[in-house]
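A.B. asks: What follows is the residue order along each chain.
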Amino acid sequence: MGKARPRAARRPAPRAPAGARGSAARANPNPFEVKVNRQKFQILGRKARHDVGLPGVARARAIRKRTQTLLKEYKDRDKSNVFTDKRFGEYNSNISPEEKMMKRFALEQQRHHEKKSIYNLNEDEELTHYGQSLADIEKHNDIVDSDSDAEEQGTLSAELTAAHFGGRGLLHKKTSQQEGEEGGKPKSRKELIEELIAKSKQEKRERQAQREDALELTEKLDQDWKEIQTLLSHKTPKSEKREKKENPKPDAYDKMVRELGFEMKARPSNRRKPEEELAKEEQGRLRKLEAERLQRMLGKEDESVKKPKHMSADDLNDGFVLDKDDRRLLSYKDGKMNVEEGVHKELSRETGSHGNNEEESEEESGHPDSHSDLGPSAESGEEDEQPQREQGQTPGKRLRSDQHTPEAARAELPYIFAAPESYEELRSVLSGRSMEEQLLVVERIQKCNHPSLAVGNKEKLEKLFGFLLEYVGDLATSDPPDLKVIDKLVVQLYNLCQMFPESASSSMQFVLRDAMHEMEEMIETKGRAAFPGLDVLIYLKIVGLLFPTSDFRHPVVTPALMCLSQLLTKCPVLSLQDVVKGLFVCCLFLECVALSHRFIPEVINFLLGILYIATPNKQSQGSTLVHPFRALGKNSELLLVSDAEDVATWQRGSLPLHWASGPRAPTAAEANHTRLSCLAVCLALLRHCTVIYGTLPSFHAVTRPLQALLTQHLTDRSHPHELQELFQSTLAEMENQKQLYRPLLCEKSKPVPLKLFTPRLVKVLEFGRKQGSSKEEQERKRLIHKHKREFKGAVREIRKDNQFLARMQLSEIMERDAERKRRVKQLFNSLATQEGEWKALKRKKFKK
Amino acid sequence: MEAEAGGTERGRARDPRRALGRLVQAVLCSRGEANAVFDVLAALQSEDQEEIQEAVRACSRLFGALLERGELFVGQLPSEDMVMAGSQGAMRKYKVWMRHRYCSCCNRLGELLVHPTFQVKELALGTLMKFVQLEGAHPLEQPKWEGHYLFPRTLFRVVVGGLLSPTDDQSLLLSQFREYLEFDDVRYHTMQAASDAVAQVTNQQPEARPLQPPLTFWNNAFTLLCAVSLPLQEQDLSTFYVKHVELLDKWKVTHLREHRKVFQTMWLSFLKHKLPLSLYKKVLLVMHDSILPHLAQPTLMIDFLTSACDVGGAISLLALNGLFILIHKHNLVRTVEGAPGPAQGWRRLRWWFLEPWPTPVWPCSPREHPDFYRKLYGLLDPSIFHVKYRARFFHLADLFLSSSHLPAYLVAAFAKRLSRLALTAPPEALLMVLPFICNLLRRHPACRVLVHRPQGPELDSDPYDPEEEDPAQSRALESCLWELQTLQRHYHPEVSKAASVINQALSVPEVSIAPLLELTAYEVFEQDLKKKGPEPVPLEFIPAQGLLGRRDDLCAQFFTLS
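If you read the protein sequences in the order shown, they are chains A and B. Under my numbering, the letters of the first sequence match residues 1 to 848, in that order. Under my numbering, the letters of the second sequence match residues 1 to 562, in that order.
Incorrect hints may appear among the rest.
What the hints assert, rightly or not - Now the in silico label distances, taken between C-beta atoms and shown as ranges:
# : chain 1 : residue 1 : chain 2 : residue 2 : range
1 : B       : A446      : A       : V752      : 18 to 28 Å
2 : A       : N635      : B       : Q49       : 41 to 51 Å
3 : A       : L286      : B       : K532      : 21 to 31 Å
4 : A       : C746      : B       : Q473      : 25 to 35 Å
Unchecked claim - With a cut-off of at most 20 Å between alpha-carbon atoms, the simulated DMTMM-like pairs for lysine to aspartate or glutamate come out as follows:
#  : chain 1 : residue 1 : chain 2 : residue 2
5  : B       : K388      : A       : E524
6  : B       : K530      : A       : D514
7  : A       : K738      : B       : E458
8  : A       : K526      : B       : E523
9  : B       : K530      : A       : E520
10 : A       : K458      : B       : E535
11 : A       : K488      : B       : D553
12 : B       : K531      : A       : E502
13 : A       : K280      : A       : E290
14 : A       : K484      : B       : D553
15 : A       : K75       : A       : E815
16 : B       : K531      : A       : D514
17 : B       : K532      : A       : E502
18 : A       : K458      : A       : E470
Said to hold, decoys possible - Computed footprint of chain B on chain A, listed as stretches where at least three residues anywhere in the stretch have a Cβ under 8 Å from a Cβ of chain B:
#  : region
19 : 484 to 495
20 : 499 to 506
21 : 557 to 564
22 : 601 to 608
23 : 679 to 690
Hints were generated in silico from the structure; no laboratory data involved. Note that the structure is predicted; figures quoted are calculated from it, not measured. Where is the CB? At the ideal position from N, CA and C, for every residue including glycine.
Throw the hints in and build the complete structure from the sequences for me.
C.D. replies: Given below as structure tokens:
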């Protein structure tokens, strides 16, 4: 307490006298009061703060302060009554001073009001203007509404004056310095002034702005009121007047005005676009998508830019496609499902016209919606649909046009399908139906379970994708493979994939992992794998259809490529079927890089192998055959055709895919024809490779073994004419690829800048202290030192307080003693006089 | 007594164990019943495996007890008839007679080691080893001098002979036998017996058929030989199977040096024969860590290794590994120095491996160049990326090429050859071989011209000659690694990245290829699956129209659905 109190008391004290007294002392120091501390040596960089002192003045000030504070407290020590300030909000710092004043004012007014008797009618409310009493305005004109700087001049604060005009005493300055030290940041005078100016200006600006706002608002309110008045109230005289003025005009106009006034304003809608514009937009969209694709292909990841764009381009779950379908369904849904039935009845009556109708209704319901979206996503979604619709190639459309023929069968097809919960369910629904029906069923399942219809539908449809994939796999493995249905189902898969990219990609990944796992197991147990069934090949093909194959890295396509690579490297070619499968895999592989032109060693190896097994292997070429093929052995002449007749009858054609599955027992001639076809495909693929890879820097190193084999084939001359030509042209094309070997160069790395040795700056916090320690250490030392000094100062203060108090007590006692002595003296005096008088009286008696 | 014998006869049929037990008891109780031994031995010849097992157990008990009692003749065994006819004491006659029974029993047990059922084999082996132990403790030979080391060698040879059967696959039995090999004396004598057995079997039919003795014999021998493992440090060889009162220092069996000598003779006698190819591989696989360190003179292996070097493929590589260890650890140079021709080359090779010296430019002529690196270079063909021993190959190749003292032309040739081969490699191999090549370039700054040749002339063709077998003549240093540039366009993103490393100046620290060696395609596949792509999965924006795609797609061109 001893420490805190004197300081708190000390601080405000010097303010008042400093202005007057300090300046006087500085101007005319009494030479007897000044005490100069002589310095023995001049030390550079040391601030001499205590060279001159005024001990007498300081002591006097201290004593005065103590008498003002400590003594008062001492005197009041036994008194228990307290002075409390009951003014409103005096101790509440949350309320701003202005507010405080307002409240006080209000309270005062209230009190004032209450005091008046209710019967006193003369006492009227005060007249105000902008909340100020008019009387007051008249009195203090300049304070109330002054935009000029006069306000500031009128209320110059003590601080401001002090800052402006100096006028601080020596002593005061010292204390302010100390304060500065304590605050850590001594502010310069200039800063202080600037701060003050800025503060006052800001305050003024705020006040002004507030005032203007209020003005504006009231004005606006007034105007609005007037407007409404004219429209609504006929009773007020003003509006009546207007009415009279408008009377001559017809009533209809008035109505119109009101209608216009109250009618919801129709927003301008996007116009329907003509064909060319649509085409142009489509082109623009494709161009943008292509640009994105290119970026992904190069593997440049610019996520920040790409992400949002991509979102819009691809129409995710919440995107346009859903909304669109939603509308269509709504048009069906007017009376729930019976409407759909109605539609179908209509369908059976007149199919063609209905198609149009529906399309129109779709357009109608679809368009405003798409406009409300207004995003590129909406457009793109629209465009996605457009070409299909135009060509009439969506399965649904085709169905409808096909619908004349199997009339009876369709009548049996239910219109509502629950989404299958398991694969077996889907299978049971689909099995035994014709291709058209199957497609229709799948489409209806999608429609009935559209995500916008119920909460769980999204998951159901996501599952449907997986089931459909499984179904496709089943169709592919069945004998004979039902490739036509798959061909159509692919479109459905594509649409589902567009709706749910995440789940589609994960189920695709699952399928791929399954296939790879199977192969890996086979490799582990047997050391080699057999070519998988047609289903895996179909899956891989579907991956290529659903996802962009040209991306540098893609979560589905990259694993699929690994899978393809495994197929080509780990599966030995044991039969003609394997050759067909292998060639199909090669096709898939090359299709995947059709845009990106990436290099695939496996395909080259495989094609080399195919070429090799088409030659008689009597001569050892020592060629670079790679793994799945052997230079010598059982299958090393698999594609060799020796029958001249078959060679002559062969005709070039494409390979049917279903040859790849199921055991077949072809006749010898058929087998030979297949062999030649395979060879032809192989050559065509090689030509394709040549075109793609012609620009690779080591193209010739890659194709050297191929060229050797091709020349060998050419010399053979047992091939049919067409093949011979193919050989010739392929070889020629390979050899014609000109190549320049440019020496490789590393990219220049940026020159590393020289190390700059900046001087190490050590902040000198306190002279005479150790400099070597770290910043924290120095800070700590500084604080300790400061604490010590403060502590000493506090002790000194307390001691002085005690001395002062003792002095006071002593003087009190002395006073009291002196008083007593005086009284005693007085008493003795009176007693003496009494005694004297008595004695005198006695003497008189004796004399008498 | 006859009644009793008749009773036993019947009893055996009913309960062979009890009957045999009674017989054994009878023989052990009184010498008069000694003829019952014949019954027991007859049971050994039985067809029924149960009965055989009982008989083996009975024999074990009977002769074990007899050995302990010392009721068998000690010393050079005279022929039975002679003793019987002679007029020595009944006791001696009995002992000699019993010893003969013991011998026949042992021989029969040796035959049983190739019995078709495993239990019988196992039991026979256990019994024989028990006899070995007992016979060692109570030797049947007269010690020639004080502290003569005696071990039942003849009996033990029977055991080893049974184990190295030319007809049966004894791998299971050998794994049983492995536990006996923990004992130092058993191991020592096994090695001796095994080298004798191998020599004997090969000598039996000198040039009857080329691959006689058959494969099973070699397999058995190899399994046995592999099972023998010597301790690495010299220590007290004191774990003996046959208990001795005290171990004398002059016994050979107590010294590791002697063990090593025997070990060496055993392996040399084994390896000097023409082994089947599969065994070659197996031997070379264990060569570096379980054979070479234990040999008394490891350099004696050089003949074997150099011949293996010429076989080709994996075997060559493994042989190179062996040679490498010989050169590196066992200072091969000193032994080869005598020969005039290749000595210098070998010394240089060793210098490459060891000497701390700044990289010189060698005026290298092919004559003084040892074939080591040339052979390694010759091993590089497209198949190395597809074979099973790929990881091992590249591990070793990395080891061989790790010296920083190799001449630049050599390293350049290797780098160029590897990158040429990389053009045919699958992605999982590429992920390993690309860092490998980059490591080579890092180790040898002189080879960096392969990826960075400022002011080089433009060429019409690659100066590198892939057909050339000598790395020195391949002109690899004049070429550039255009193959890596090609692989930057590889379809797999990781491979493409790995190949793109050469675009920048190579960073100094090498990339460890150890974790990449065993990489399989399946692992790469799994990694690809796990890698998170951009959050909305990019989709194909061209709508699908059918399975085969549009008309101009490759699949649609060459394949039809029907």
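A.B. asks: Mind taking a look at whether chain B covers the region 499 to 506 of chain A? Criterion is 3 or more residues with CB to CB distance under 8 Å.
C.D. replies: Per the Cβ count (4), the hint holds.
A.B. asks: Next pair to validate is B:K388 with A:E524; report whether the Cα-Cα distance is within 20 Å.
C.D. replies: holds (11 Å)
A.B. asks: Is it true that the CA of B:K531 sits at most 20 Å from the CA of A:D514?
C.D. replies: Satisfied, since the Cα-Cα distance of roughly 18 Å is no more than 20 Å.
A.B. asks: Do A:C746 and B:Q473 keep their Cβ atoms within the hinted range of 25 to 35 Å?
C.D. replies: holds (28 Å)
A.B. asks: Are at least 3 residues of the region 557 to 564 of chain A within less than 8 Å of chain B when you compare beta carbons?
C.D. replies: Three-residue rule met by the region 557 to 564 of chain A, so holds; n is 5.
A.B. asks: Given the range 18 to 28 Å, decide if the beta-carbon distance of B:A446 to A:V752 lies inside it.
C.D. replies: holds (23 Å)
A.B. asks: CA of B:K531 to CA of A:E502, is that 20 Å or under?
C.D. replies: holds (14 Å)
A.B. asks: Straight-line Cα separation of A:K526 and B:E523 no greater than 20 Å?
C.D. replies: Within the cut-off at roughly 19 Å; holds.
A.B. asks: Mind checking the alpha carbons of B:K530 and A:E520 for me, to see if they're no more than 20 Å apart?
C.D. replies: holds (18 Å)
A.B. asks: Against the 20 Å threshold, does the CA-CA distance of A:K280 and A:E290 hold or violate the hint?
C.D. replies: Roughly 15 Å separates the two Cα atoms, so the pair holds.
A.B. asks: Against chain B, does the region 679 to 690 of chain A show at least 3 residues with beta-carbon separation below 8 Å?
C.D. replies: holds (count 4)
A.B. asks: Can you let me know if the beta-carbon spacing of A:N635 and B:Q49 is within 41 to 51 Å?
C.D. replies: holds (48 Å)
Checked against the numbered hints above, the structure violates none of them.
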